[in-house]
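Residue numbers (this note's numbering), protein chains in the order written: chain A, 4 to 346; chain B, 4 to 346; chain C, 4 to 346; chain D, 4 to 346.
These are calculated hints, taken from the structure and not from any lab test.
In this text, all values refer to a predicted model and were calculated from it rather than measured experimentally.
Glycine included, C-beta positions come from ideal geometry on N, C-alpha and C.
Check before you lean on any hint, since a few could be wrong.
In silico BS3-like links for lysine-lysine, alpha-carbon gap of 27 Å or less [unchecked claim]:
1. C:K252 to C:K220
2. B:K130 to C:K220
3. C:K115 to A:K130
4. A:K220 to D:K130
Covered, in the sense of this in silico footprint (three residues per stretch, anywhere, with C-beta under 8 Å from a C-beta of chain A), are these stretches of chain C [unchecked claim]:
5. 86-95
6. 100-108
Listing some non-contacts, in silico: residues in chain D with all C-beta distances to chain A over 12 Å [unchecked claim]:
7. D38
8. E53
9. Q117
10. D132
11. A158
12. E190
13. E225
14. D254
15. G341
What follows is the residue order along each chain.
Protein chains: 4
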Amino acid sequence: VTRDFRSDNVLPAAPEIVDAVVRANAGSMTSYGGDELTVRVRERCCEIFETEVEVFPILSGIAGNALAISVLTPPWGAVFCHAEAHIEREELGAASFYSGAKLVPVGGAGGKLQPEAVTAALASARKTDMAVPACVSITNATEAGTVYSAAELRALCDAARAANLRVHMDGARFANAVAATGAAPAELSWRAGVDVLTFGATKNGAMTADMIVLFRKELAPELGIRIHRSGHRPSKMRFLSAQLEAYLKDDLWLRHARHSNATAARLAAGLAPHVELLQRVDANIVFARFPPALAAALRGEGFQFFDWGIFGEDVYRLVCGFATTEEEVEGLVEAVRGKMNKR
Amino acid sequence: VTRDFRSDNVLPAAPEIVDAVVRANAGSMTSYGGDELTVRVRERCCEIFETEVEVFPILSGIAGNALAISVLTPPWGAVFCHAEAHIEREELGAASFYSGAKLVPVGGAGGKLQPEAVTAALASARKTDMAVPACVSITNATEAGTVYSAAELRALCDAARAANLRVHMDGARFANAVAATGAAPAELSWRAGVDVLTFGATKNGAMTADMIVLFRKELAPELGIRIHRSGHRPSKMRFLSAQLEAYLKDDLWLRHARHSNATAARLAAGLAPHVELLQRVDANIVFARFPPALAAALRGEGFQFFDWGIFGEDVYRLVCGFATTEEEVEGLVEAVRGKMNKR
Amino acid sequence: VTRDFRSDNVLPAAPEIVDAVVRANAGSMTSYGGDELTVRVRERCCEIFETEVEVFPILSGIAGNALAISVLTPPWGAVFCHAEAHIEREELGAASFYSGAKLVPVGGAGGKLQPEAVTAALASARKTDMAVPACVSITNATEAGTVYSAAELRALCDAARAANLRVHMDGARFANAVAATGAAPAELSWRAGVDVLTFGATKNGAMTADMIVLFRKELAPELGIRIHRSGHRPSKMRFLSAQLEAYLKDDLWLRHARHSNATAARLAAGLAPHVELLQRVDANIVFARFPPALAAALRGEGFQFFDWGIFGEDVYRLVCGFATTEEEVEGLVEAVRGKMNKR
Amino acid sequence: VTRDFRSDNVLPAAPEIVDAVVRANAGSMTSYGGDELTVRVRERCCEIFETEVEVFPILSGIAGNALAISVLTPPWGAVFCHAEAHIEREELGAASFYSGAKLVPVGGAGGKLQPEAVTAALASARKTDMAVPACVSITNATEAGTVYSAAELRALCDAARAANLRVHMDGARFANAVAATGAAPAELSWRAGVDVLTFGATKNGAMTADMIVLFRKELAPELGIRIHRSGHRPSKMRFLSAQLEAYLKDDLWLRHARHSNATAARLAAGLAPHVELLQRVDANIVFARFPPALAAALRGEGFQFFDWGIFGEDVYRLVCGFATTEEEVEGLVEAVRGKMNKR
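Produce the entire structure from the sequences given, and follow the hints as far as they go.
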């Protein structure tokens, strides 16, 4: 049993996905995405999202976000995002590297943007020559482990559209948001007003494959060029597409996300009597404050988790993934209970 | 039997490599390259190159070239390369996108740069404010299917170093060059004067994994940052590293390349009596001129190959890979012979 | 009598400066800065700053700031600046366009950065992969019309240097800061810890000429290249240098600044009994809250001034320049007094 | 008497232009181009070009070219230009810095692009993923001192337009081209098919002011933003516009150019019996081969001129400007004649 709660990306891949890759390894296929698997991934996404979409398999969430944003803003654009957004805090400026644009961080409790806050930030930007407001980037599920409902998203996108801004969604954990809300994928994306979605798979059971789902087809040629010239279009695309096809098949992506969310809920419920939790647990992440001695003791027993200093002192992030087991969660809960009671 | 000679990247991956990926899919591992497989790939490269190197697994050759070059030149630098180089002709400006630098194309028969030609291009550049000469990029094996000997490389690198330029090698088919010359990998890289090598694996049997092998360790931090901020550092790095470890194990890479080269030699020998060949066949690529009726007839029978118009009218490129069989080659030779004799 | 308080740059140039330009218009001179006037500007700056400096005449403050910053940060760097800084709010992303870096806005009363706030922002940045902290940009006099003392600057630069950051100063109104503090130019720049200063002249009586004063001479070649390739090195440099030479001669720059500061102080004193002032008036700018009817009435009489919405509703900015007269100030004060008393 | 034939930009400015600057120095004016002088420059350009244009005064030819090109190409575009073009050889990559695009050098005798050569380069580019062909940049008068006729230009632009490319003209010496051909400015620009013209003034008698003349008004907002964010929009724009208004008034620009051209023709005629001339002398530049002893002797007597090594060994460039006198030319001719006869 591993005791690794550092991130969803320390986990292995799902067997269905690895099997699909093995199966894809047969015969010659047109390279650079001209293969049948890639075609099928697009078709499957059209079904899932109930509309025509273009799909670009991509290596990483950072690339997916940055490239998606780059077709929504000119180099002198402003991209409004949450102050804790991954694009703002963790990607070493990738979105600006690819697009040239300026990220404008906006505060908000629980990792969520509020329409009023976006509107105010926009009004402030327009008072000066800061940058030309171009788009809003929304993370769902958020970096704080919370989830926007379809209604919340619509309100947020409406605020953006009223100001003529486009909308990007960082969906590194989109599956967790769909699982948490029970809303249709379309409701949490284009029907709410999202123009392009970075749809994560790696964190949720794939090997190394996410995808950019583009709802504005007219941007596809430009996006294709940007992907090619940044080296993000693998020649043997089949091996990314195979992962994505398996990910989407028989709702594997949703089953994984439901498991992760449920596991995190169980973890939160187990920890709550003993330690402070810092955010609502809507998805698969729990933020807990551990006294220093507790954190050290847990680590001494092999539990792994990251400091999350931007949420305060002694705060740690605990992530449950598709492969996190009930035993692992119970083990952690037991360890915390035992150590806290001894004090 | 496939009849696909379009590119080495239409082929599947080697079973050893797929098996390694399957085996890597166990337990939790530190993400972003902190895993043991990535460590072992570096160690193996140190052995193969007989020196300390830093290794960065990377998704594609385009990314590998562009990122490698970006640490050898300032944004106002000039990068001298062959006029037919992949970085000049096929990558939609990736090297300039990543580095800001200007590519300065230099002519040369057989896809090869000559030291005198580089020196002349450099002297010309220095007469004006074109760009600040920064590095030379050499492809080995070349895009024309020829190979530089170790002595040729040394002479070329000496010319570069005499002018204080750094040297990048596009080694998308480095294995084919090593196999063709029998030279040690070190002789074809750092001992000749190469600072950083983009070492291909995808074209030679991997799924989607190349690597940047950096001989100047002091550039590693900058390269690491550039890779991260361009989204080229996969979180589940293990799945790239597993491919590379298997690729390097028991000389699989060399065995593949020897096979590809031998297969291409056999193809060239079989075609030579019937059609014009345009380049020396040192590695795994054959360029042949087919009369239009022949090309059409071959395609009608299911043979696949690309037009190679930059080498002249009616010129086609035929690529043999690790999985190209004797039967496939004989099939193509027979078809050409039959059709040409009928005329 | 003009009644124009919109900005220091709506004013004409000083006659001494125009005369110098006229005098410079004789005979042939080496272009691109190889002329004697440019040499003398550098020499004069060495005297004024009591150290060896390199000087680059430049067209505009935006270019001066952005180019100066571009030699202090890598493309993945973080540049900490005040949230109201001109580089953050008014330059359409110029600093990021030239450098690639991310601006990280830091709050602070009166337009001033506090060492503790910079240190906290830095610590927060270091908790994540936001960007690599590279430098701090300080505006003196600030956009709020306040001035850092030499001691305040030293404390701020010490905080930056303790964290290994370099320091840029936006000195669009550096003259006003020197005049206000009475400190030596060296005390307000390199002795405090500033690496490069954008030294304004246009706002303070020149036609169109500012200068980058570089205290780290080792960065001069790179800066020179960046200036050339961005088209900011005029061929007939003499006409910029002539302005700067005259600007620095016989303390014209200081006399202008003393006049502007004194005029603003007089304006503030005259307005204070009648309307709310929003910032300390250390330099040549007054921020006042005018009831809407007052603002409209003043504008109806030909007074001109800009809304300054980022400081609150009904806030206006009133700028006094080298050519603003006592009569103009008295005229505005009288008008405000008359209209406020009538109410 | 100066003996300076190095460049047109070593010369001073015309008295009419300096006077205009002195006159512009009165009262307050709206900054950043909102002044009346700038309005009048645009109106005058509309008359001269017989169509509606947008005009952006700009500091330098490098900036003018690079910014103009940046609105004609995406970052992944190819810009076809002559291999000796200033943008390719002398601007340290400015056009690529501003636009991201790749310059594709095309050969051609006498510094001139031929339609066939452009078409061939384009066809070659389209065979590979080099870059997306976007525009052609034409220099008139050329860097070789030759001039395109209106008919030649039309043919060249037709070739570009047939391929859906836009057209930029580097008109650093546009006045010399108009003077040489006698064609209407419109014939040498938009009527031939030019989309945007960088119209030089500095080399032809201004202090430091060129202008971008935009024939596609729909690109004006983007160009304005690009100019602002690169620091190329001076706050006291009046001082650039005053130069340009005077430059265009009473055909001063054409009178200067006619003088320069005539002076160069006289110089060429005087030199031809004694030394080899390398290009047709259509405009104001003469390229001559001087034996080393002659070059040294001339320089010993105070004559100044630049080596022009890219045109061959012992080749020198001699430039005549608006202020070059008959005496200066005769002095040089006499000196050459005397020294060559002695040998």
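Distal placement of D132 (chain D) relative to chain A, Cβ over 12 Å: 7 Å, violated
Hinted pair K252 (chain C) and K220 (chain C), Cα distance within 27 Å: 24 Å, holds
Interface exclusion of E225 (chain D) relative to chain A, criterion Cβ beyond 12 Å: Answer for E225 (chain D): violated, closest chain A Cβ roughly 8 Å.
Whether A158 (chain D) stays farther than 12 Å from all C-beta atoms of chain A, as the label says: Fine: 31 Å to the nearest Cβ keeps A158 (chain D) off the interface.
Coverage assertion for the region 100-108 of chain C with respect to chain A, Cβ distance below 8 Å, three residues required: holds (count 5)
Non-interface label on Q117 (chain D), tested against every C-beta of chain A at 12 Å: About 30 Å separates Q117 (chain D) from the closest Cβ of chain A, which puts it past 12 Å; holds.
Non-interface label on G341 (chain D), tested against every C-beta of chain A at 12 Å: 58 Å, holds
Pair hint K115 (chain C) and K130 (chain A), alpha-carbon separation not exceeding 27 Å: Roughly 20 Å separates the two Cα atoms, so the pair holds.
Pair hint outcome, K130 (chain B) versus K220 (chain C) [Cα-Cα no greater than 27 Å]: 26 Å, holds
Interface-negative label, E190 (chain D) against chain A, beta-carbon threshold 12 Å: Consistent with the label, E190 (chain D) stays out of reach of chain A, its closest Cβ about 34 Å off (over 12 Å).
Given as non-interface: D254 (chain D), which should sit over 12 Å from chain A by C-beta: Given that every Cβ of chain A is farther than 12 Å from that of D254 (chain D), nearest at about 38 Å, it holds.
Chain A over the region 86-95 of chain C, status - at least 3 residues with CB closer than 8 Å: The restraint on the region 86-95 of chain C holds, since 5 of its residues have a Cβ under 8 Å from chain A and three suffice.
Hints 10 and 13, counting from the list given before, are not met by this structure.
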